[in-house]
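Q: Please build the complex by placing chain B on the supplied structure of chain A, with the hints as guidance.
Residue numbers (our numbering), protein chains in the order written: chain A, 1 to 87; chain B, 1 to 281.
It is possible that part of the hints are untrue.
[What the hints assert, rightly or not] Restricting the straight-line Cα-Cα distance to at most 25 Å, the calculated cross-link-like pairs of lysine to any residue (SDA-like) are:
1) K48/B <-> G57/A
2) K61/A <-> P45/B
3) K116/B <-> E12/A
4) K135/B <-> S91/B
5) K212/B <-> E21/A
6) K48/B <-> E84/A
7) K48/B <-> E21/A
8) K22/A <-> E58/A
9) K247/B <-> V173/B
10) K48/B <-> I34/A
11) K48/B <-> T28/A
12) K98/B <-> E128/B
13) K212/B <-> E58/A
14) K48/B <-> H5/A
15) K212/B <-> G13/A
16) K48/B <-> L35/A
17) K48/B <-> S47/A
18) K23/B <-> N248/B
19) K22/A <-> E204/B
20) K48/B <-> N74/A
21) K177/B <-> G13/A
22) K116/B <-> G35/B
23) K177/B <-> T22/B
24) K135/B <-> M25/B
25) K61/A <-> G48/A
26) K212/B <-> S47/A
[Claimed, not checked] Okay, the calculated bits of chain A under chain B, using three or more residues with CB under 8 Å as the criterion:
27) 4–12
28) 20–30
29) 39–49
30) 66–80
[Claimed, not checked] Pair ranges (Cβ atoms, derived):
31) M59/A <-> T175/B: 42 to 52 Å
32) R44/B <-> D19/A: 20 to 30 Å
33) L35/A <-> S30/B: 41 to 51 Å
34) R34/B <-> K61/A: 27 to 37 Å
35) L35/A <-> H125/B: 25 to 35 Å
36) D208/B <-> T54/A: 26 to 36 Å
37) G250/B <-> K61/A: 51 to 61 Å
38) G250/B <-> E58/A: 55 to 65 Å
Hints listed in this document are in silico derivations from the structure and should not be mistaken for laboratory results. As the structure is a prediction and not an experimental result, all values here were calculated from the model. Ideal Cβ placement from N, Cα and C applies to all residues, glycine included.
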Amino acid sequence: MANIHLTIVTPEGRFYDDDAEKIIVRTTTGDVCILPNHIDYAAAIGSGEARVTTANGEMRKAFAEGGLLHVSNNEVQLIGNRFEWRE
Amino acid sequence: MAGSMKDIKLRIRSVESTMQITKAMQLVASSKLRGARMRMEASRPYMKVARRAVWDIALHNTGAQSDYVMPREIRHRCYIVIAGDRGLAGSYNANILKRVDWDMKDALCVFIPIGKKAREYYHRHGMEVVTEIEKVEGLSFETCEEIARQVMAGYDEGRYDEIVLAYTSFVSVLTQKTKLKPLLPLDTKDAPEEEQIHRQMLCEPGADALLKTFLPQYLAGLIYAAACDAFASEQAARRVAMDSATKNAGDMIEDLSLRYNRARQSSITQEITEIVAGAEH
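One chain only, chain A, in its complex shape (with noise of 0.2 Å):
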C-alpha cells in the first residue's frame, strides 16, 4: 500500500517524522482524514485528538491544538502548537 510521509512539528520540537498510512486530524471545520495521493491541501488545526496511522499498521492517537495541516506533494506537515503522544 502506498503511503504518505508525515512531519509532526510545534515550536518545542520534532514529534514525528516518518512514512504513514493515514492521518486523521480534527480541523477548525471538522475531522479530516488525509490518505495517500492526496490533492495539496491546508487547514487550521482545532483542538482534538489525532490519529495516525505507520506504514506499519498500528495506530497511534495524540492530542493537537492550534496550528496548521499542510499537504503538499503526497507530504504532510502537521505544524501544531500544542502536541502530545497519548501513550
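A: Same frame as chain A, now just chain B:
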C-alpha cells in the same frame, strides 16, 4: 614599605574574590548555554516547515497578492527587541540595541522590548513602549502568541506599516550576529522559488481566513525561536566575557604577587642592612 605590602595584599584579596565571581558566572552561563542550545535546535524544524506552509498559502492561487506580502509605505514601525535579562555579557546588549537605533531612520517607532535590559533602555530613552516582557529566559509560546496577536491587530488596523523582530542569532560560542527580521509584511527572502509554489491548493476555510488564523501562530513561532536563539547567544556572550575576565584577574593576581614579593624582599634587605649597620657601631 610595610604599608604598601599591606595594600598589595588587600588588592590581591579583592581581585581574588572578583575572580571567584566571574568564574562562577562563567560556569553558570556554560550550563545554561547547553539547555538553551537544545531548545534552539528543537525549534528549528518547526520554523522550516511552518515557513514553507505560510508561503504556500500566502501565494496560493489568488491573483492579487495578500496584504501580508505587499510592502507598504513605512511611516510607523514596530520593533520587537530581544535583549538580555542581565548585564556582564560583553557587548551583547549594547550591540543589539545600537543596531536597532541605527535602523530606525525617520519612521515613527514603537517598541516591544523582551528582556530586562531592553526594557530599561527604552524606558530610559523615553521611547514608546507598547508591551513589555520582563524575562527572555523561559519565555513561553503562549506569551509569544499574545505578542503576535497584538502586533498583527496593529498591522491590520494600519497602526504599524512594518513589524521588525530584532534579536541576536547564535552562530557559535565565539560569534553571535545581530539580526533584524521583518515579520510583517512577510520577509520575501523566505519566499520559495517560483517553480516550487503550489498554486493549486485546497484551503479550508479559504486562503485569507486560513492565513488570518495561522499567521499569528507562525509569528509567535518566529518570536519564540528568536528568543531561544537570543538566549543561547546571551549565555555564549556571557561565557566568553567571563572567561576573559577570569583570565585577566589571574594575570592581575600574578602581577600583584610579584610586586608583593619584591616589596617583602626589599623590606627584609633593608632590615638586615639596618641590623648590620647597628652591629658595626
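Q: Please write out, lowest number first, the hints stated earlier that are contradicted by the structure.
A: 1, 5, 13 and 35
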